[in-house]
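Peer 1: So the chains spell out like this:
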Amino acid sequence: MFHSLGRYILLLRLSFRKPEKFSVYWAEIMREMVSQGIGSLGIICIISVFIGAVAAIQVAFQLISPLIPKEVVGSISRDSTILEFSPTISALVLSGRIGSSIASQIGTMRVTEQIDALEIMGVNAPGYLIAPKIIAGVSMIPLLVIISVILGLSGGYIACLVSRDVAPTDYIMGLKDGFNTVTVTVCAVKATVFGFIITSVCSYFGFYTSGGALEVGQSATKGVVFSCIWILFADLVISSLLL
Amino acid sequence: MIEVQEIYKTFGKNEVLRGISATFKPGKNNLIIGSSGSGKTTLLKCIVGLHEPTSGDVLYDSVNFTKMHFEGRVPIRKQIGMLFQNSALFDSMTVEQNIIFPLNLFTDMSNSEKHDRADFCLKRVNLEGKNKLYPAELSGGMKKRVGIARAISMQPKYLFVDEPNSGLDPKTAILIDELISEITEEYQTTTVIVTHDMNSVMGIGDHVIFLHNGEKWWEGSNHQIAHTDNKELNSFVFASKFMQAAREKL
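Residue numbers (the numbering used here), protein chains in the order written: chain A, 1 to 243; chain B, 244 to 493.
Simulated from the structure, these hints should not be mistaken for laboratory data.
Think of the CB as a built atom: it goes at the ideal place given N, C-alpha and C, for glycine as much as any other residue.
Don't take every hint at face value.
[What the hints assert, rightly or not] Stretch-level coverage of chain B by chain A, calculated; a stretch enters the list once three of its residues show a Cβ under 8 Å from a Cβ in chain A:
#1 306 to 317
#2 321 to 327
#3 339 to 348
[What the hints assert, rightly or not] Straight-line Cα separation of at most 30 Å, DSBU-like style, residue types lysine-lysine; simulated pairs:
#4 B:373 with A:21
#5 B:373 with B:268
#6 A:222 with B:400
#7 B:400 with A:18
Here chain A stands alone, though its shape is the one from the complex (with noise of 0.2 Å):
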């Protein structure tokens, strides 16, 4: 385990060397920044719509009471999309999404010999495909999050002119209410870190396949199975630091 602990924390030392020609790889971010973001949108809209409503419906479900007012089920929506479904789950969908293609493209160039040209012609391979990647992830995950927040909220308020159990004016007012600034930090933070995780745990993985198609399989797996767990452990901590 030590071991690879540390050859991931030197494989991200390599992947943020000085870049042989910044407009090659400003190129390469621009690529990852387009395959990851435009790539993952209709993926999240969907998830973070039915989300948003089957949090509503939950909530609504288990706070119906006379004696608490109907307002209550759009602050827990709001607070619980903001702050655990919108980034975690996301996050999960997106090490499958993101996570999968990028061991698996990176393993592939391994096994192909690609990534030995690159070295062979003198170029620093993990900061080739790495850095550009890490990047992406690191800026292009947050945004896809805050839009799967707006989703997720829209998706509780459809879900309340649908069923009816919860007014959708009292959903609206109970989304104002009370709301704390902190829990968007904390959003945000969580989708950073979550982006930082996919790309380099699934990078790492992909690295250092060695074999062939079946290894590259196999370090997609890995790296998808890694950056999950690593995922929940990074939302544990963060949420304990920060709340």
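Once you've looked at the hints, dock chain B against the given chain A.
Peer 2: What follows is chain B alone, placed relative to chain A:
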């Protein structure tokens, strides 16, 4: 000129290379031959720095490459061109983008200069007009030729070739051999070719090194191979009945 001095390489307890020394001169086709598992590719990877030797040195024009760190090796690596066994073309790039990739990173050439250079390299390997194709659209022989075009795009001083004929039909294999040989002579590159193809050995082997069980077992030219009394080399070279019959006619 490349000098290899007493190279040892072990993987765990497995000693793959045992004290190999050799000198590879410019303008010559230097071939490393040997049966599977004899350490040919490992030696090549030690020479280009993809593997670090357990002990020993590799000198490029008297500069000790083995003792250098990553940054120190970059100026030498810019002078290296390499053709890999499976060509190792970048899948996501077109043929032209593959060729101009090192030019983008290491030169200040303008776009038109880079495109001209790509056209020149493609013409040199008889692939004019294939600029916009992707590697997936090319045959095995064409991939090898694009690999050579990419290898010569930076006008290398040292050219390394790993199993150039694997997976190719005999006619295409001869074309690739001739192309490598022509480039070596034209640019006076120090060319090191790893192969177990006897057609290559007999056709272009100016300087041949035979590895056996990780040791340098024999060294000479392709003309000397047919008359050697080295038992292991004979059993490798004349393994086929065709080669045995050819030897009897010599």
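Peer 1: Under the constraints set out in the numbered hints, which ones does this structure not fulfil?
Peer 2: 5 and 6
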